[in-house]
Every structure is written in C-alpha cells, then in structure tokens.
Amino acid sequence: MLSLSTTQRDAIVATCIRALPNEGCGLLLGASDVVAEVVESTNVADSAKVYEVDPGVLLRATRRADEGGIDVLGVFHSHTHSEAYPSPTDVAQAPDPAWHYLIVSLRNSRATVRSFRVADGAVSEESLIVAD
Amino acid sequence: MAAVLRIPTVLRPAMGGASVIAVEGATVGEVLLRLTTTYPAIKGQLLNPDGTLHRFLNVYVNDDDVRYLGGVNASLANDDEITLLPAVAGGAR
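If you read the sequences in order, they're chains S and L.
Just so we're aligned, residue 285 is where the first sequence starts under our numbering, counting upward by one.
Just so we're aligned, residue 275 is where the second sequence starts under our numbering, counting upward by one.
Any given hint could be a false lead.
Said to hold, decoys possible - Example chain S residues on the side facing chain L (calculated, C-beta under 8 Å, incomplete):
id, residue
1, Ile301
2, Leu304
3, Pro305
4, Glu307
5, Thr326
6, Ser331
7, Tyr335
8, Glu336
9, Pro339
10, His361
11, His363
12, Ala368
13, Gln377
14, Ala378
15, Ala382
16, Asn392
Think of the hints as simulated: they come from the structure by calculation, not from any bench.
In this text, a Cβ means the ideal position worked out from N, Cα and C, and glycines have one as well.
So here's chain S without its partners, still in its complex pose:
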C-alpha cells in the first residue's frame, strides 16, 4: 500500500506532462508507506522510452531524507504511450524490493496512476490511496 495526497498525485502527473515527449520521473520521500514529499527530477536519459533519475537529485534527496528521519520510498515515472504497468526494462532495473514503483500512463487523455512492488523479478500491484 502507498498513500499520497491529491496534491502530490497532481504534482506527479504534472511533472510527467511537463516532461513530454520524454518520460518524466522523480522520487517519493516519506515514511511508513506514506508520501511526505514528491521530488521532481529531470530525465537524464532524455528519452521517450527510458528514464533515469538525475543522480544529483537522488544524492540530495537521499541526504535530505536521512537528515529528516524519513526514507526514499520509491520512484515515479511515466509511460507516454503504454499502460501504467512495469515493462521488462522497469523490472530489470528495479532492484529494491522495499521501494514503491509508481507509474503514470499518459496514453489516454486522463492520466492513470498505479503503484507496484518488484521483488526478484516478480511484479505485484499494490493499493494506491489518494486522499486529501
């Protein structure tokens, strides 16, 4: 289960829309499966088909989380023309079973947001609670 606010969900979708035609991405900071902060990143892969979070953003977010007593809970990214489900690339490069992998599909006019866990190559969707 992953919990975030409507404002945070909207910020994630907005980041992904701004990144078009490329995939958008960023990090989720928080604790106990509750998102406290959404951190936007540039997609340093500069691609519509793959993403990579700016390592400098990752470094600063990791330090900020450590100092604040919270964690990097996971990552979000968009699929511009496919469903919000982990691709083989996502699965191959999702090494942390403790992380939440949130995917935004911009395939349709209304964005779809879903959250997953990836452990030992196995994908499992988790409930995503969006509340004010």
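Guided by the hints, dock chain L onto chain S, whose structure is given.
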C-alpha cells in the same frame, strides 16, 4: 586514506546491514575493490570485469560525481565521504 562510506538500502543486506562504514583506500577504485573482496555478492553491482565503474552505479565523493573526477582513479583524502547510489532507471521500452 580513511574515508566514510554511505551504503544505500538496497546494498545493505549484502554488506552486513550497516548504513555507514569506515573504509580505507587511496582511490575510489581501491575502496570498491576491497568491498568486492569483503562482500563478493555485490561485485557485479559495483565494477565491470575490466575494473571500471558499473554503468548503473553512481559514486559520489562528498558532493562530486566521481565520473568527473577520474572514475575509479579519483583520489581520496582523509575523512572524505563516499556515497554509493545505484541508478534509478527504467522505462517503457
């Protein structure tokens, strides 16, 4: 040189569980090579077979990405802080 190494959560289970450890080495490469000897399970995540830095591992010395400091040849000073950060990547392809 004695430096401090910050270990990401994903590597901690294979490295004894600690988040921060003390390490020794004159260069980043020396430190990483010693880590692969101590913790063989992580070898493939740190270095390529030719000894260069793995494509999906970011290494920072203090605030600097070592790719801009000479990669594994980046030199270390006493009390430097090394941070390992596996790349966060993926995509629809």
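Hints and how they fare:
no., hint, in the structure
1, Ile301, "violated (16 Å)"
2, Leu304, "violated (13 Å)"
3, Pro305, "violated (12 Å)"
4, Glu307, "holds (6 Å)"
5, Thr326, "violated (12 Å)"
6, Ser331, "holds (7 Å)"
7, Tyr335, "holds (5 Å)"
8, Glu336, "holds (4 Å)"
9, Pro339, "holds (4 Å)"
10, His361, "holds (6 Å)"
11, His363, "holds (4 Å)"
12, Ala368, "violated (10 Å)"
13, Gln377, "holds (5 Å)"
14, Ala378, "holds (6 Å)"
15, Ala382, "holds (6 Å)"
16, Asn392, "violated (15 Å)"
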